[in-house]
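Produce the complete structure using the sequences and hints provided.
Protein chains: 2
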Amino acid sequence: MQRAAQSVQLRQLASAVKKGDRVALARAITLAENDPSRAAALLAQVGPPGRAFVVGVTGPPGTGKSSLVDRLIGSYRQKGFRVGVIAIDPTSPITGGALLGDRVRMTRHAEDRSVFIRSMASRGWSGGLSRATTQVIRLMDAAGFDIVLLETVGIGQSDIEVVGVSHAVLVVLMPGLGDEIQVSKAGLMEVGDVYVVNKSDLEGADLMVVSLLSLFRGAPRSPPVLKVSALSGDGVDRLQEAIERLRSGFAAGDVALRLKSIRGMIIETARGTAMERLATLSDSSASELALRVMDGKITLEGAAARLAR
Amino acid sequence: MQRAAQSVQLRQLASAVKKGDRVALARAITLAENDPSRAAALLAQVGPPGRAFVVGVTGPPGTGKSSLVDRLIGSYRQKGFRVGVIAIDPTSPITGGALLGDRVRMTRHAEDRSVFIRSMASRGWSGGLSRATTQVIRLMDAAGFDIVLLETVGIGQSDIEVVGVSHAVLVVLMPGLGDEIQVSKAGLMEVGDVYVVNKSDLEGADLMVVSLLSLFRGAPRSPPVLKVSALSGDGVDRLQEAIERLRSGFAAGDVALRLKSIRGMIIETARGTAMERLATLSDSSASELALRVMDGKITLEGAAARLAR
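Residue numbers (this note's numbering), protein chains in the order written: chain E, 11 to 319; chain W, 11 to 319.
Be a bit skeptical, because a hint or two may be false.
Intra- or inter-copy, both count: the list cannot distinguish identical chains.
[As the list claims (entries may be wrong)] With a straight-line cut-off of 20 Å between C-alpha atoms, the simulated EDC-like cross-links for lysine to aspartate or glutamate are:
1) Lys89 x Asp156
2) Lys307 x Glu213
3) Lys28 x Glu251
4) Lys29 x Asp264
5) Lys89 x Glu254
6) Lys307 x Asp247
Simulated from the structure, these hints should not be mistaken for laboratory data.
Right, here's the structure in full:
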C-alpha cells in the first residue's frame, strides 16, 4: 500500500529529526512549507513542543534585525547552545524571490553544525506562513535546538503571529525614524519583552532610549530598554543576559509560559489553515461572486458568507 | 415584534445614509464597528458599491501619510468633490486608544460638510477590521462621497487589505530609511499604482526617486514615482492628477476595476468574518486545548482543526 509506505517514511523522518539529523530536518521543513497534510502527520509523530525557547525578533524594516540575530547566534554559540533561526522573508514576484542580502550576513554560521538557519517566504499572505512557521519551530524544537530565533520582516501579519508563538519578544528599533511614534504607531508597545535600540553609534540613540522609557512611564509594565550596536557588538552580551533572565523561568519549568506559546501555536495553525482554505476558495469563486454582487443578484455579505462557510 | 421594529429602523437608517445624512452615516458606521449582523442587514438595504473611487494610502510608519491625506482632501475639495476618509489607527491598551496626533492635523476639514473623517481602531487584529473597513467604505459610497481615502498605519495586516478593496493604491515613502529596501522588504513593490516620495525637501529625495525607478526597470510595469511635500504642498497637484488619471477609467464605467474592488471586498469580509469567529472561539477554548496538547493527549494539529472547524 502506498499509504502504508508513506506512513513508514514519515515515522522514519520523524525519528531522524528527533536524533538531530540535519538532512532530515531540512526535508521535514520543506514538507511543512509545501505539504500541509503530510506535515501534520509528521508532527503528530514528533510530539508536543518541549525544550526550545522561542525568541521573536520584530520591529520596523531597516533597524538591523538580521545583523542582531547574527550577533545573538554568535553569543549563544559561545555558551554552547544549539541555535535555530527562522527568517521570514517576503517573496516578490518582481524581484523574483526572497531578498538575500540579510541572509548572506549570517552565512559565517553556515558551517556550524549547531546552527540551523532557514528563510521562509511570506507568499502573499495566504495564511500558509502562520501554519508553516509554527510547524518549523516545532521541528527545530524536536531536533534539539535550545533557542529558536524567529525574525520577521517588520511589517505585515507575520509580526503579530510572532508574538503569539514566542516565549519572549525582542522589539528592535533604531535612533530617529519618528522616535516613539514608530513604536506606538506600529502597535509595538504591547508586544515587547525587551526593547532594543540598535545602531547605538548613530546620533539620537540616547534620545530614543529616553523616549521609550517615557512611553512606559506609568504603564502597568516596564520592559528593559537596551542600547546595542549589532555592527560593533556593543551591548549584545547584556541583551543576551536579558533574554536569559526571561528564559530562566521557562527552563525551570514555568507552565504558564509554555502554555501561552502552545496556545499561540494552536491559534496560528488554526488561523493559517482557515486562511489557506479561504485563499483556495477565493481563487476559484470570488470573481464569479463579485459579478453577481455588481449585478445586484446577491448581497456582498451573502457572497462573503458563501466564501467563509 | 421587536424584530420587525428593528428592520424598519434599519430601513430608515439606510434611506437616511443614502440621502447623505451625516448623523445617519455616523450611526451606521458605529453599527459596522460594533454589531456585525445588524450592519450586514443594513448594507443589504444599501445595495452594491457604485460611485466612490477608493484610494488606499499605505507605506511605512512615519512617512507622513496623514499629512498627505490632509493635502489631498484640500485638493479634491477645491474641485468640488465630496471626500470620505478612513484612517486605520492601532489601539494601544497602554496609551489608551487611537493616537490622535495625526487626526488632529485633519480637523481643519472638520467643519466642512462635504468631508467625512473616521478613525478606526485596529483592535488586536481579530479580523473585525477587514470586515468593518469594507462596510464603512460601502456606507460612504452609499452616502454619495466621490472619493474615499483609506489610510493605513503602514504596518500589519491592514496594508494588505487596503490593496484588495481599493481601486488605486498610493505607496508613500520618504528619503533615507533604507531607500529601496524599505519598498522591496515591505512587499510594497507590487501593490502601488502611484509611488510618492514625501518630505521631498529632505536630503536624498532625488536619490530615493532614482532608486525606485531602478527597482522598476525591466519590471512588467512602471508606476509613476512622484516627489511631494505634504508640508509645503509642493507636488500635491501632480499627485492628484495622477490619481485622476487612474480614476478616469473607473468613472467611464471600467467594469474590470469595479469587479476587482468588489472581489476584494467579498474576500476581506469573508476573511474578517472567519477571523472574528476564530477569535471568539480562541478566547474560550484555546487555553484548554493548549493544556491537552502539552499533556500529549491531543496533537497540536488536532487542536487547531477543532478551532478552525
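Hint by hint, here is what the structure shows:
1. In this homomeric assembly, lysine 89 and aspartate 156 come within 20 Å of each other (Cα to Cα) only inside a single copy, at 11 Å, whereas the closest approach across copies is 62 Å.
2. For a Cα distance limit of 20 Å, the shortest separation of lysine 307 from glutamate 213 qualifies neither inside one copy, at 60 Å, nor across copies, at 54 Å.
3. When the C-alpha separation of lysine 28 and glutamate 251 is checked against a cutoff of 20 Å, the pair qualifies neither within a copy, at 29 Å, nor between copies, at 61 Å.
4. For a Cα distance limit of 20 Å, the shortest separation of lysine 29 from aspartate 264 qualifies neither inside one copy, at 26 Å, nor across copies, at 59 Å.
5. Taking the shortest alpha-carbon separations for lysine 89 and glutamate 254, only the intra-copy value of 12 Å comes in at or below 20 Å, while the best inter-copy value is 60 Å.
6. In this assembly of identical chains, the alpha carbons of lysine 307 and aspartate 247 never lie at most 20 Å apart, being 64 Å within a copy and 40 Å across copies at closest.
When held up to the earlier numbered hints, the structure conflicts with 2, 3, 4 and 6 and fits the remainder.
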